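Residues per chain are reported as follows:
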Amino acid sequence: MKKRLQSKKRRPVPVPIASMGDIAFLLIIFFMVCSEASKDKEMDVVLPISEYVKKIELTVVARVAVDKNGDIYFDGVNVDSAKDVEWGIRALLTETISDDQRHVQFKCDSALPKETFEPVIKAIAAGGGIIEAVGEIQ
Amino acid sequence: MSRKRYSKEKKHRSGEIPTGSFSDIAFLLIIYFLVATTLVKVKTIAADLPSGEKSSQTQSDKTPIVNLRGSEIFFNDKKVSVDLLNERLAELNLGEKIPSKRVIMLESTKGTPYENYFQVLAGISANQGVVAIVEDDK
Numbered sequence: 308m309k310k311r312l313q314s315k316k317r318r319p320v321p322v323p324i325a326s327m328g329d330i331a332f333l334l335i336i337f338f339m340v341c342s343e344a345s346k347d348k349e350m351d352v353v354l355p356i357s358e359y360v361k362k363i364e365l366t367v368v369a370r371v372a373v374d375k376n377g378d379i380y381f382d383g384v385n386v387d388s389a390k391d392v393e394w395g396i397r398a399l400l401t402e403t404i405s406d407d408q409r410h411v412q413f414k415c416d417s418a419l420p421k422e423t424f425e426p427v428i429k430a431i432a433a434g435g436g437i438i439e440a441v442g443e444i445q
Numbered sequence: 212m213s214r215k216r217y218s219k220e221k222k223h224r225s226g227e228i229p230t231g232s233f234s235d236i237a238f239l240l241i242i243y244f245l246v247a248t249t250l251v252k253v254k255t256i257a258a259d260l261p262s263g264e265k266s267s268q269t270q271s272d273k274t275p276i277v278n279l280r281g282s283e284i285f286f287n288d289k290k291v292s293v294d295l296l297n298e299r300l301a302e303l304n305l306g307e308k309i310p311s312k313r314v315i316m317l318e319s320t321k322g323t324p325y326e327n328y329f330q331v332l333a334g335i336s337a338n339q340g341v342v343a344i345v346e347d348d349k
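For the record, the sequence lines run as chains X and A. Take any residue in the first sequence, note its place counting from 1, add 307, and you have its number in the numbering used here. Take any residue in the second sequence, note its place counting from 1, add 211, and you have its number in the numbering used here.
Because the hints were derived from the structure by calculation, they are not lab data. Just so you know, these numbers come straight off a predicted model, no measurement behind them. Every residue, glycine too, gets a C-beta built ideally from N, C-alpha and C. Some clues are possibly wrong.
To be verified - Short, incomplete list of chain A residues facing chain X, as computed with Cβ under 7 angstroms:
#1 234
#2 254
#3 308
#4 324
#5 333
#6 337
#7 341
Sequences are here, hints too, so could you generate the full structure?
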């Protein structure tokens, strides 16, 4: 009886780990394909507040930012003037068909005066972009 | 003699690549990506500014106009708060009108901070208005 019990001892069950590497690499490929690298550098920007801001659900064609010092960034690259933004957006929107492809993210410091930010807003509009102004919820 | 022995030993070597640690490397890479990634969904307001030809005169006397004078907001020349402006805009029922009748003119003086500008843009866009920026006379 005792002997039988001993024979019932659990046998080591081999876990199939041969394909673990493949699974892991497939996961890496999935993450790399699905992720979008942020083109915005860490900028010193205090965002304005509004009760109407919503989480953006669509893909933006370009990202424009104006930092605390009034420096203008187009897709993370510092540009000289608002005119560069207009040309950049015009170039990106040459082959767009629908309105969904015209959205341009605009980030600006809340304390900046009109003289600094309005030319950029006008440049986005002149380039054919729909402004997605970034803010924080109240 | 010693040369012979050496060459024989060499032939017997197997050229297997050690793949046992591949899964560990892959999972470490996944963990790195997961830790290093920041998932950001920005909150925005959409503002479609028509990029038409400049007009020397206003569309009509009845086109609503929002004036930003520094930190003060005026709607049709009456001083309002942000909440009151939103109420006034809601009363216009812009969503039910044709796009050409949804125009809200936006005028601002020098030095107007982006914070105020953004709140007005947010209010107009939430009430489905189309913003027309009034340019300064030069």
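A quick look at each hint next to the structure:
1. Interface restraint check for residue 234(A): the shortest CB-CB distance to chain X comes to about 4 angstroms, inside 7 angstroms, so the restraint holds.
2. Proximity of residue 254(A) to chain X holds as hinted, the smallest CB-CB distance being about 4 angstroms (cut-off 7 angstroms).
3. For residue 308(A), the suggested interface contact is broken, since its CB lies about 19 angstroms from the closest CB of chain X, more than 7 angstroms.
4. Hint status for residue 324(A): holds, given a least beta-carbon distance of 6 angstroms to chain X, under 7 angstroms.
5. Interface restraint check for residue 333(A): the shortest CB-CB distance to chain X comes to about 4 angstroms, inside 7 angstroms, so the restraint holds.
6. The criterion of a C-beta within 7 angstroms of any C-beta in chain X is met by residue 337(A), whose closest approach is roughly 4 angstroms, and the hint holds.
7. For residue 341(A), the interface hint is violated, the least distance from its beta-carbon to any beta-carbon of chain X being 11 angstroms, above 7 angstroms.
Consistency note: the structure conflicts with the earlier hints numbered 3 and 7.
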